[in-house]
Amino acid sequence: MIVRSADKRDREWIDYALDRWWGSTRMISRGVDHDLLAQKALIAERAEEPVGLLVYRLHLEQCEVISLNSAREDHGIGTALLAEVERLARDAGCARIWLVTSNDNLRAIGFYQRRGYTIAAVHRNAIAEARRRRPSIPEIGLHNIPLRDEIEFEKTFS
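Just so we're aligned: the sequence shown equals residues 149 to 306 in my numbering.
One or more hints might be untrue.
Label pairs and their computed distance ranges (CB to CB) [said to hold, decoys possible]:
no., residue 1, residue 2, range
1, Ala269, Tyr164, 12 to 22 Å
2, Lys188, Asn292, 29 to 39 Å
3, Ala276, Met149, 29 to 39 Å
4, Ile267, Trp170, 36 to 46 Å
5, Leu254, His223, 18 to 28 Å
6, Thr266, Met149, 21 to 31 Å
7, Asp222, Lys188, 35 to 45 Å
These aren't lab readings, by the way, just hints derived from the structure by calculation. Predicted model only: the values in this text are computed from it and were never measured. Just so you know, even glycine gets a beta-carbon here, dropped at the ideal spot from N, CA and C.
Just need the whole structure built from these sequences, with the hints factored in.
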């Protein structure tokens, strides 16, 4: 598997993948509405086929992971993408890399903690607030859990 920076040739696949995984190429995190197609991205490939996507933003000595998805879980795709964005963040002089996930995404909550991320904050009712701006965000999430809070994870670089 290789992980590489996305370029213009990847636009069609990225658009398709984001629509498949999220139903949109826009995402709200911490109250910011992101156009994912306008952000930097990494693509994981296996046998020259894209199998994973990480969208991120470098800003004020911080790196925000906006979206991380893989075509297959438990195959090291997310881990490889996360390792590469961490390397890029360090090289860019970032002091911190962070992301949010929803309170219903139990698998992601475990995934990030196993990779050294710690809970920095719980933003109560953040998704409920985002839903006012984007009514298509469902009320009920994974595992039949009410979808309402953002859990912020971070890893700091010394």
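Tested hints:
One distance hint, 12 to 22 Å for the beta-carbon pair Ala269 and Tyr164, is violated here, with the actual separation near 33 Å. Restraint check, Lys188 to Asn292: a C-beta distance of roughly 35 Å satisfies the suggested window 29 to 39 Å. A beta carbon spacing of about 37 Å between Ala276 and Met149 agrees with the range 29 to 39 Å that was offered as a hint. Ile267 and Trp170 have their C-beta atoms about 23 Å apart, which leaves the hinted 36 to 46 Å range violated.
A hinted range of 18 to 28 Å holds for the C-beta pair Leu254 and His223, which are about 19 Å apart. For Thr266 paired with Met149, a C-beta distance near 27 Å keeps the hint of 21 to 31 Å intact. Between Asp222 and Lys188, the C-beta spacing of about 26 Å breaks the proposed range 35 to 45 Å.
Checked against the numbered hints listed earlier, the structure breaks hints 1, 4, 7; every other hint is satisfied.
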